[in-house]
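**Student:** So you can see what is in the structure, the chains are spelled out below.
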Amino acid sequence: MYTIKIVGISGVGKTTLAKLFLHKRPDIARMSFGEFLYEYNDEESAREEWGKFLSRQENLVLIEEHLEIGEDNLTDVYMRENTKAIFLIEPSLETVVRRRERDIRQRSSDEQQIVEDMQKSRRRAVILAKKLNIPLVITKDEDIERSIERLSQVIDRVERKEYLLKRQQSLNLELTDLNLSKLWNSHWLMNSLRQAITPLVEQKSLVNPASVSIRKTLSIRRCSI
Amino acid sequence: MFYLTTFDPGSITQQVISDAVDEQYLIVQDRLLNAVSSDELAYIFRGLKKFYPDLNSTYRLKLIWKNTKLVAVGEGREFEVEFKKVETEDKIITLFTEVLHYVHQERSQGDIFGFYFKGDRYPWAVETCESGQFIRPYKQDALIAHGIDPERAVEITRLYALPGSPLNFVSVMDSFIRKYYKANGMEALLTCTMPSYSKSRSTTTSGGLDKVLCAKQLKHSFIPKEIKGRQCWMMATKRWLEENQYQGEMRHTHRFFTLFPKVDVFTTIQHRTTLNPLPGLNGNVIFFK
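In the order they appear, the protein sequences are chains A and B.
The first sequence begins at 1 in the working numbering and counts up by one.
The second sequence begins at 1 in the working numbering and counts up by one.
The following block holds chain A by itself, in its conformation from the complex (with noise of 0.2 Å):
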């Protein structure tokens, strides 16, 4: 199992990119632990399910987070949920502003908040990217077709590489210590088989009207070799 994080504050699209995400996608599992939290009340038994949950995952999920809230330092966590890329939504503060104001969930719409919110994201996600040295893509896309497009890239490299570490994983290789500076310099077979071909070739000639000769064709021959 590994895992993309869809990180930004809330009200930025995060659920919303990741679901409609999934529709070009269906194989690929999300999950957000607020819902978890919604779902177990406690936090507690929430975490415990958080954990089942992503045990039973083999291939990729998509996690929407919070950066700006919670504890300082995520790299345990990251890295024990095999992080492999982090996608920050940034959005305009007027985007974010009118989505919150449309929210019947009641954000805050203070725009000091917002702004210092989003900065905390960004610098937390910085920090992580480049603790674990997986790749920070950050989105300021309004519109919502770009962003997925690029959420789609994302993926498309990180699955990528996922899968030729395992086929890098599998391979059964023979490794041998062949020394080529020995093998420019030691072929007398060859040698001596070229020395007795020349001559008999020079006596050669193609009867057309270009008179290719066929040692000039041999000497063709070795340029493409």
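Check the hints yourself; a few may be wrong.
As the list claims (entries may be wrong) - Sample of chain A residues facing chain B (criterion: CB under 7 Å; computed from the structure): (1) 127; (2) 167; (3) 174; (4) 193.
Said to hold, decoys possible - Distance ranges between label pairs, derived from CB positions: (5) B:22 / A:189: 17 to 23 Å; (6) B:283 / A:112: 58 to 64 Å; (7) A:59 / B:272: 30 to 36 Å; (8) B:133 / A:72: 44 to 50 Å; (9) A:175 / B:22: 51 to 57 Å; (10) A:175 / B:239: 24 to 30 Å; (11) A:188 / B:15: 20 to 26 Å; (12) B:179 / A:149: 24 to 30 Å.
Claimed, not checked - Cut-off 25 Å, straight-line C-alpha distance, at most; resulting in silico cross-link-like pairs (DSS-like, lysine-lysine): (13) B:238 / B:225; (14) A:166 / B:289; (15) A:161 / B:211; (16) B:211 / B:182; (17) B:182 / A:161; (18) A:166 / B:216; (19) A:120 / A:140; (20) B:85 / B:66; (21) B:262 / B:238; (22) B:62 / B:179; (23) B:69 / B:182; (24) B:49 / B:118.
Since the hints were made in silico from the structure, they are not lab data.
This one's a predicted model, so the numbers in the text were calculated from it and none came from an experiment.
Beta carbons: idealized from backbone N, C-alpha and C, even for Gly.
Got chain A sorted already, so can you dock chain B onto it with the hints?
**Tutor:** Frame of chain A; chain B shown alone:
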């Protein structure tokens, strides 16, 4: 040379060599005279005649940059050279792959590039490039072992260069190709070499492709073909045999004829996959049988 490897080295006499030359000569002659018109042949092999100023095997030109133009120059001669994609439907490619090349092979599945003298219809040097699934599986494994995504690797085949081509065309063409694929997000270029037949190291490593990707046991296969009432043995690649599901009679490189493995060499043009090479590769070469 290839055909002689089907004999036990201890049994190769002057007569065997002479017969092999006669036989392979017949094959070359048959291909050339049946598939190419005399005009085409004259045009393509004009470099062998000593009086053409552009392609001339005696007085070869050299590629240089003059302002922003690539030109072939030498002893008062100067010709503008164009590097461009060769149209895959062009007859010239079939001519190269199926007739003129020493090994019959299928048409390239990727890009084909050529050097042209400005205004010419035919390129005088051609390289084919294939990537991803068109790279043979064992080479894909070797690339992954080296931390390179095969989808981002390009295999170059130096398909053909006409006689008398400018001296440094391989490295100039490779640098064009490198630039082209780097701009297209590719990570590595690779090419196959056969040290057994190389007369110098530069034949193999020109164009900066100087890291060993893998080595593979070299074995040639020949199938019979009757020409002018004589049975000749024509070389067939493994790919050709597989694609044509050939089940007939064959001759292979003799088990006592020691050939050096063929060696695939590569160069990294940029690193994007961020896959680490396998640690055991340090100082070792991947070997396939």
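**Student:** Give a verdict on every hint.
**Tutor:** Checked hints:
1. Residue-level restraint check for residue 127 (chain A) is violated (minimum Cβ-Cβ distance to chain B is 19 Å; threshold 7 Å).
2. The beta carbon of residue 167 (chain A) comes within 5 Å of a beta carbon in chain B, closer than 7 Å, and the hint placing it at the interface holds.
3. The beta carbon of residue 174 (chain A) comes within 5 Å of a beta carbon in chain B, closer than 7 Å, and the hint placing it at the interface holds.
4. The interface hint given for residue 193 (chain A) is met, as the beta carbon of that residue sits about 6 Å from the closest beta carbon of chain B, less than 7 Å.
5. Range check, residue 22 (chain B) to residue 189 (chain A): Cβ separation about 21 Å, and the 17 to 23 Å hint holds.
6. Hint check: residue 283 (chain B) to residue 112 (chain A), Cβ distance near 60 Å, so the stated range 58 to 64 Å holds.
7. For residue 59 (chain A) and residue 272 (chain B), the Cβ-Cβ distance of about 23 Å falls outside the hinted range of 30 to 36 Å, so the restraint is violated.
8. Between residue 133 (chain B) and residue 72 (chain A), the C-beta spacing of about 46 Å keeps the proposed range 44 to 50 Å intact.
9. Against the hinted window of 51 to 57 Å, the Cβ-Cβ separation of residue 175 (chain A) and residue 22 (chain B) comes to about 43 Å, which falls outside the hint.
10. Taken as a hint, the range 24 to 30 Å holds for the pair residue 175 (chain A) and residue 239 (chain B), whose Cβ atoms sit roughly 26 Å apart.
11. Under the hint 20 to 26 Å, the C-beta atoms of residue 188 (chain A) and residue 15 (chain B), about 21 Å apart, fit the expected range.
12. The hinted window of 24 to 30 Å between residue 179 (chain B) and residue 149 (chain A) holds, with their beta carbons roughly 28 Å apart.
13. Under the criterion of a C-alpha separation no larger than 25 Å, the hint pairing residue 238 (chain B) with residue 225 (chain B) is consistent with the structure, at around 17 Å.
14. Under the criterion of a C-alpha separation no larger than 25 Å, the hint pairing residue 166 (chain A) with residue 289 (chain B) is consistent with the structure, at around 23 Å.
15. Proposed proximity of residue 161 (chain A) and residue 211 (chain B) is supported: the alpha carbons are some 23 Å apart, at most 25 Å.
16. With a C-alpha separation of about 18 Å, the suggested pair residue 211 (chain B) and residue 182 (chain B) falls inside the 25 Å cut-off, and the hint holds.
17. The straight-line distance between the Cα atoms of residue 182 (chain B) and residue 161 (chain A) is roughly 20 Å, inside the 25 Å bound, and the hint therefore holds.
18. Only pairs whose Cα atoms come within 25 Å are accepted, and residue 166 (chain A) paired with residue 216 (chain B) is accepted, the gap being roughly 24 Å.
19. As the CA atoms of residue 120 (chain A) and residue 140 (chain A) are separated by approximately 16 Å, the hinted pair is consistent with the 25 Å bound.
20. Taken as a hint, the residue 85 (chain B) and residue 66 (chain B) pair is honoured in the structure, with Cα atoms around 22 Å apart against an allowance of 25 Å.
21. For a cut-off of 25 Å, the pair hint linking residue 262 (chain B) to residue 238 (chain B) stands: about 14 Å separates their Cα positions.
22. Taken as a hint, the residue 62 (chain B) and residue 179 (chain B) pair is honoured in the structure, with Cα atoms around 21 Å apart against an allowance of 25 Å.
23. For the proposed pair residue 69 (chain B) and residue 182 (chain B), the alpha carbon gap of about 21 Å is at most 25 Å, so the pair holds.
24. Of the pairs offered as hints, the one joining residue 49 (chain B) and residue 118 (chain B) holds, with about 21 Å between alpha carbons and a cut-off of 25 Å not exceeded.
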